[in-house]
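Chemist: If you're matching them up, the sequences are chains A and B in order.
For my numbering, add 28 to where a residue sits in the first sequence, where the first one is 1.
For my numbering, add 28 to where a residue sits in the second sequence, where the first one is 1.
Mixed in with the good hints there might be a few duds.
Pairs involving identical chains hold if they fit within one copy or between any two copies, as the list cannot separate such chains.
As the list claims (entries may be wrong) - Pairs of lysine-lysine, DSSO-like flavour, derived with a Cα cap of 30 Å:
| hint | residue 1 | residue 2 |
| --- | --- | --- |
| 1 | K214 | K151 |
| 2 | K69 | K171 |
| 3 | K203 | K240 |
| 4 | K134 | K81 |
| 5 | K176 | K75 |
| 6 | K69 | K176 |
| 7 | K214 | K91 |
| 8 | K35 | K152 |
| 9 | K253 | K134 |
| 10 | K82 | K134 |
| 11 | K81 | K214 |
| 12 | K91 | K176 |
| 13 | K35 | K55 |
| 14 | K155 | K134 |
| 15 | K155 | K174 |
| 16 | K251 | K220 |
| 17 | K82 | K214 |
| 18 | K69 | K134 |
| 19 | K174 | K151 |
| 20 | K174 | K82 |
| 21 | K176 | K220 |
| 22 | K151 | K82 |
| 23 | K134 | K151 |
| 24 | K81 | K208 |
Rather than coming from a laboratory, the hints here were simulated on the basis of the structure.
Chain residues, written in single-letter form:
There are 2 protein chains.
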Amino acid sequence: MATTDVKVIGAWPSPFVMRARIALNIKSVDYEFLQEQLGAKSELLLKSNPVHKKIPVLIHGDKPICESLVIVQYVDEVWASGPAILPSDPYERAIARFWAAYIDEKWFPSLSGIARGPTDEAKKAAKEQVVEGLALLDDAFVKCSKGKAFFGGDRIGYLDIALGCFLGWVRVTEKTSHLKLLDESKTPNLVKWADSFCADVSVKDVMPETDKLAEFAKVLMAKFKAPPPS
Amino acid sequence: MATTDVKVIGAWPSPFVMRARIALNIKSVDYEFLQEQLGAKSELLLKSNPVHKKIPVLIHGDKPICESLVIVQYVDEVWASGPAILPSDPYERAIARFWAAYIDEKWFPSLSGIARGPTDEAKKAAKEQVVEGLALLDDAFVKCSKGKAFFGGDRIGYLDIALGCFLGWVRVTEKTSHLKLLDESKTPNLVKWADSFCADVSVKDVMPETDKLAEFAKVLMAKFKAPPPS
Chain A
29 MATTDVKVIG
39 AWPSPFVMRA
49 RIALNIKSVD
59 YEFLQEQLGA
69 KSELLLKSNP
79 VHKKIPVLIH
89 GDKPICESLV
99 IVQYVDEVWA
109 SGPAILPSDP
119 YERAIARFWA
129 AYIDEKWFPS
139 LSGIARGPTD
149 EAKKAAKEQV
159 VEGLALLDDA
169 FVKCSKGKAF
179 FGGDRIGYLD
189 IALGCFLGWV
199 RVTEKTSHLK
209 LLDESKTPNL
219 VKWADSFCAD
229 VSVKDVMPET
239 DKLAEFAKVL
249 MAKFKAPPPS
Chain B
29 MATTDVKVIG
39 AWPSPFVMRA
49 RIALNIKSVD
59 YEFLQEQLGA
69 KSELLLKSNP
79 VHKKIPVLIH
89 GDKPICESLV
99 IVQYVDEVWA
109 SGPAILPSDP
119 YERAIARFWA
129 AYIDEKWFPS
139 LSGIARGPTD
149 EAKKAAKEQV
159 VEGLALLDDA
169 FVKCSKGKAF
179 FGGDRIGYLD
189 IALGCFLGWV
199 RVTEKTSHLK
209 LLDESKTPNL
219 VKWADSFCAD
229 VSVKDVMPET
239 DKLAEFAKVL
249 MAKFKAPPPS
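Between the sequences and the hints, there should be enough to build the whole structure, so can you do that?
Modeler: Shown next as structure tokens:
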């Protein structure tokens, strides 16, 4: 058992949980990973996040912190002596926060919609929105990275974490829906970035293998389609 | 014409625009207020926020900053020598960010739903969600304010701005839907806080009068109900 006062309540396939874990890895903070089971919620989760009852929750000492982007900012501020996650310049911080909000509010719902849209038309529209969004993010990458490997420059930063956590699910979606989303001809910068991101020391041990994640996706989809228990 | 390098693209009835204006007022920053007209979008807005095409946009020098909570954090960081908007303690910052996200993602959509829900049942459910949310926020107020007048303590802070900007619309909703949302018996702390918030020097000149806002709401509702132009 880890002797640490930092715990993450989560589950390995969750991109949002991955954000918290990558942030802690960047800061070299040891943590205990408490995995929730699909379809069940632990007492600790319900007690720690009574409003949303969702993972991830970071527990630092006896304090629960909820919502993945809030956790990433908290980790950056508490372990301030480690590598910075948010840019130091207020305008660059604002740009990173803007795109992170775009990813969560617009782009990720479309990514989910490719597999889970109610009709074929809705799925097609979702796919187009994802591709358009990636083109916008490719442009944003050019502006933010200034020729370096990451949105954050030489190191993985806030926006890298916000987008990069979805790369496993992008690959699963490409595989199961027979699509090309990250395309060398349309988003050449993001294609290169995705490789750098997944190879990074703070990421590689928490980024799930595509095949394993695809297996999990099958279980998840079956669960969505199953009638509710009577 | 104001000789300032700070501009806010907005509209007086918008709660999100109010957030940017209150933040600038707290920091005593002069700004030019460029009002958009209902149903039209200026060239400057389209150029400054090409992704969402929405107000508010803060323009600082030649740099546009979009999304109201991103703007508030930017203002706090750029004019750092003025009164602090976010708490200085990382955990208190995380709590403020958590509730601000809750307000935008859960609570405000319900508030809108009271007048705009598709059926009477949906409107009733929205009303219940708003009341439940206010009870949660009343509890949060007790924890955050520690006996002081505001979520932020002695002064208006991030969470005060995030919630307080909706008080005009809460009052309009109470009036037009014949409801009591902020109720002395259920949310006694928020009732008192709302008075303090609206009376604050950084707020009182940007908080619209209820009657004027109710008139605007009528125009807006008529617009929603009108068939699209052919």
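Chemist: All the hints need checking, so say for each whether the structure fits it.
Modeler: Quick rundown of the hints versus the structure:
In the homo-oligomer, the alpha carbons of K214 and K151 lie at most 30 Å apart inside one protomer (20 Å), although the nearest pairing across protomers, at 44 Å, exceeds that limit. In the homo-oligomer, the alpha carbons of K69 and K171 lie at most 30 Å apart only across protomers (26 Å), although the nearest pairing inside one protomer, at 41 Å, exceeds that limit. Proximity of K203 and K240 under a CA criterion of 30 Å is satisfied intra-copy only: 12 Å inside one chain copy versus 55 Å between copies. Taking the shortest Cα distances, K134 and K81 sit within 30 Å of each other both inside one copy (22 Å) and across copies (14 Å).
Taking identical chains as interchangeable, the C-alpha atoms of K176 and K75 lie at most 30 Å apart only when they sit on different chains, with a minimum of 27 Å there against 42 Å within one chain. In this assembly of identical chains, the alpha carbons of K69 and K176 never lie at most 30 Å apart, being 41 Å within a copy and 36 Å across copies at closest. Proximity of K214 to K91 under the C-alpha cut-off of 30 Å is restricted to the inter-copy arrangement: shortest distance 27 Å between copies versus 44 Å within a copy. When the C-alpha separation of K35 and K152 is checked against a cutoff of 30 Å, the pair qualifies neither within a copy, at 40 Å, nor between copies, at 40 Å.
Within a single copy, K253 and K134 get their C-alpha atoms as close as 24 Å, and across copies as close as 26 Å, so both meet the 30 Å cut-off. Within a single copy, K82 and K134 get their C-alpha atoms as close as 20 Å, and across copies as close as 14 Å, so both meet the 30 Å cut-off. Proximity of K81 and K214 under a CA criterion of 30 Å is satisfied inter-copy only: 24 Å between copies versus 38 Å inside one chain copy. For the homomeric pair K91 and K176, the shortest alpha-carbon distance between copies (22 Å) is at most 30 Å, but the shortest distance inside one copy (36 Å) is not.
In this homomeric assembly, K35 and K55 come within 30 Å of each other (Cα to Cα) only inside a single copy, at 14 Å, whereas the closest approach across copies is 38 Å. In the homo-oligomer, the alpha carbons of K155 and K134 lie at most 30 Å apart both inside one protomer (12 Å) and across protomers (26 Å), since each shortest distance falls under that limit. Taking the closest pair of Cα atoms, K155 and K174 come within 30 Å of each other only inside a single copy of the chain (29 Å); across copies the shortest separation is 48 Å, beyond that limit. Within a single copy, K251 and K220 get their C-alpha atoms no closer than 35 Å, and across copies no closer than 47 Å, so neither meets the 30 Å cut-off.
Within a single copy, K82 and K214 get their C-alpha atoms only as close as 35 Å, which misses the 30 Å cut-off; across copies the closest is 27 Å, which meets it. For the identical chains of this complex, K69 and K134 are neighbours both inside a copy (27 Å) and across copies (21 Å), given an alpha-carbon limit of 30 Å. For the homomeric pair K174 and K151, neither the shortest alpha-carbon distance inside one copy (34 Å) nor that between copies (49 Å) is at most 30 Å. Only between protomers do K174 and K82 lie at most 30 Å apart by alpha-carbon distance; the minimum there is 27 Å, versus 36 Å within a single protomer.
In this assembly of identical chains, K176 and K220 lie within 30 Å of each other by CA distance solely inside one copy; the values are 11 Å within and 51 Å between copies. With identical chains, the CA atoms of K151 and K82 are at most 30 Å apart both within one copy (26 Å) and between copies (26 Å). Taking CA atoms no more than 30 Å apart as the test, K134 paired with K151 passes in both settings, with 15 Å inside one copy and 25 Å between copies. Taking identical chains as interchangeable, the C-alpha atoms of K81 and K208 lie at most 30 Å apart only when they sit on different chains, with a minimum of 28 Å there against 34 Å within one chain.
Comparing the model with each numbered hint stated earlier shows that hints 6, 8, 16 and 19 do not hold.
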